[in-house]
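The lines below spell out each chain.
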Amino acid sequence: MTPKTYTVVFLSLLALTAATVLAGFMNAGAWNIVVALAIAFAKASLVAVFFMHLKISGRLTWVFAGAGLYWLVIMLVLTLADTMTRAWLPVAGK
Amino acid sequence: MTTDAAESREIDSLGMCTFLVTEILFFGGLFTGYAVYRSAYAAAWAEASGHLDVWLGAINTAVLIASSYTMALSVHAAHAGHRRNLVRFLVLTLLLGIVFLGIKGHEYVHKFHEGLVPGPEFALGRVAAREIQLFFSFYFVMTGLHAAHMAAGLGILAWLLWRARRGALSPPNDGPVEITGLYWHFVDLIWIFLFPLLYLV
Numbered sequence: 104m105t106p107k108t109y110t111v112v113f114l115s116l117l118a119l120t121a122a123t124v125l126a127g128f129m130n131a132g133a134w135n136i137v138v139a140l141a142i143a144f145a146k147a148s149l150v151a152v153f154f155m156h157l158k159i160s161g162r163l164t165w166v167f168a169g170a171g172l173y174w175l176v177i178m179l180v181l182t183l184a185d186t187m188t189r190a191w192l193p194v195a196g197k
Numbered sequence: 009m010t011t012d013a014a015e016s017r018e019i020d021s022l023g024m025c026t027f028l029v030t031e032i033l034f035f036g037g038l039f040t041g042y043a044v045y046r047s048a049y050a051a052a053w054a055e056a057s058g059h060l061d062v063w064l065g066a067i068n069t070a071v072l073i074a075s076s077y078t079m080a081l082s083v084h085a086a087h088a089g090h091r092r093n094l095v096r097f098l099v100l101t102l103l104l105g106i107v108f109l110g111i112k113g114h115e116y117v118h119k120f121h122e123g124l125v126p127g128p129e130f131a132l133g134r135v136a137a138r139e140i141q142l143f144f145s146f147y148f149v150m151t152g153l154h155a156a157h158m159a160a161g162l163g164i165l166a167w168l169l170w171r172a173r174r175g176a177l178s179p180p181n182d183g184p185v186e187i188t189g190l191y192w193h194f195v196d197l198i199w200i201f202l203f204p205l206l207y208l209v
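Quick note, the sequences are listed as chains A and B, same order. Heads up, my numbering is the position in the first sequence plus 103, with the first residue counted as 1. Heads up, my numbering is the position in the second sequence plus 8, with the first residue counted as 1.
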């Protein structure tokens, strides 16, 4: 990785920040959060791959990063699978 | 670099990675709570979010990204054995981190004056006061935990700076700069998600 790479990544991150602020001012309803999260994931990937050197790291490091994400997804998805579906079926006496 | 040095470098970095995975889940618990209550109280939380200053949040995002950039350049300088550049970029990173916490502190003080701190004095929302207060509870806990990580990072940076000035971080002893870099970028990464979730949507 060269300083030039870091500069390009830095400028891309700034551009994406501007994009997410602009998108935040538009009223796109439910799409707002989709766009905001998509941009956040793009920025996070840039930071992880270039600044945190994932690109030039060994496979073991990728396994560690993947494990972190994997457990996070389990926590989020299983929790929301409960809370967001509670109103689907009527419960007697409620 | 000998094989031993390369191996010990990878072990150092994997140790930090292990810690960061636990950190993902530490913050992840808060993000999960956020997702649960945001989906339950969408309207009240959207109103509450409108009381945060988007511009201060955006400026702080840029400041933190810039500090990640200077941190990456510090790691590069340490690896190349450029002591003066290392010291220079560490100072910049430290200063940008202080600016971030300064702006954050300013926001907190402002929230206290506006009565937006959860508790009996809470000034907002006669209709959905409880839900709106919950948003601010998440706001203060998530940004507070993030700020605590920043403060710890600033302490480590100050220590690195002290060592770098004495020339104690020249290769092959530049490992501490590299793993501090991993930590610092991770803290940046958390903010990359906090900013849109709290300020924008």
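Wrong hints could be hidden among the right ones.
To be verified - Derived coverage of chain B by chain A (criterion: at least 3 residues anywhere in the stretch with Cβ under 8 Å from a Cβ of chain A; other residues may be distant):
#1 67-75
#2 80-91
#3 118-131
#4 151-160
#5 163-177
Calculated directly from the structure, the hints in this document are not laboratory data. Note that CB positions come from ideal geometry on N, CA and C, so glycine has one too.
Each hint, compared with the structure:
Against chain A, the segment 67-75 of chain B contributes 4 residues with a C-beta closer than 8 Å to a partner C-beta. That satisfies the three-residue criterion, and the hint holds. Here the segment 80-91 of chain B counts 3 residues with a CB under 8 Å from a CB of chain A, which clears the bar of 3, and the coverage holds. Under the rule that three or more residues need a Cβ within less than 8 Å of chain A, the assignment of the segment 118-131 of chain B is violated, with 0 such residues. Coverage of a stretch by a chain is defined here by at least three residues with a beta carbon nearer than 8 Å to that chain's beta carbons; for the segment 151-160 of chain B and chain A the count is 0, and the condition is violated.
Figure legend: the segment 163-177 of chain B, annotated as covered by chain A; annotation inconsistent (0 residues with Cβ-Cβ distances under 8 Å, at least 3 required).
The structure does not agree with the numbered hints 3, 4 and 5 stated previously, though it agrees with the rest.
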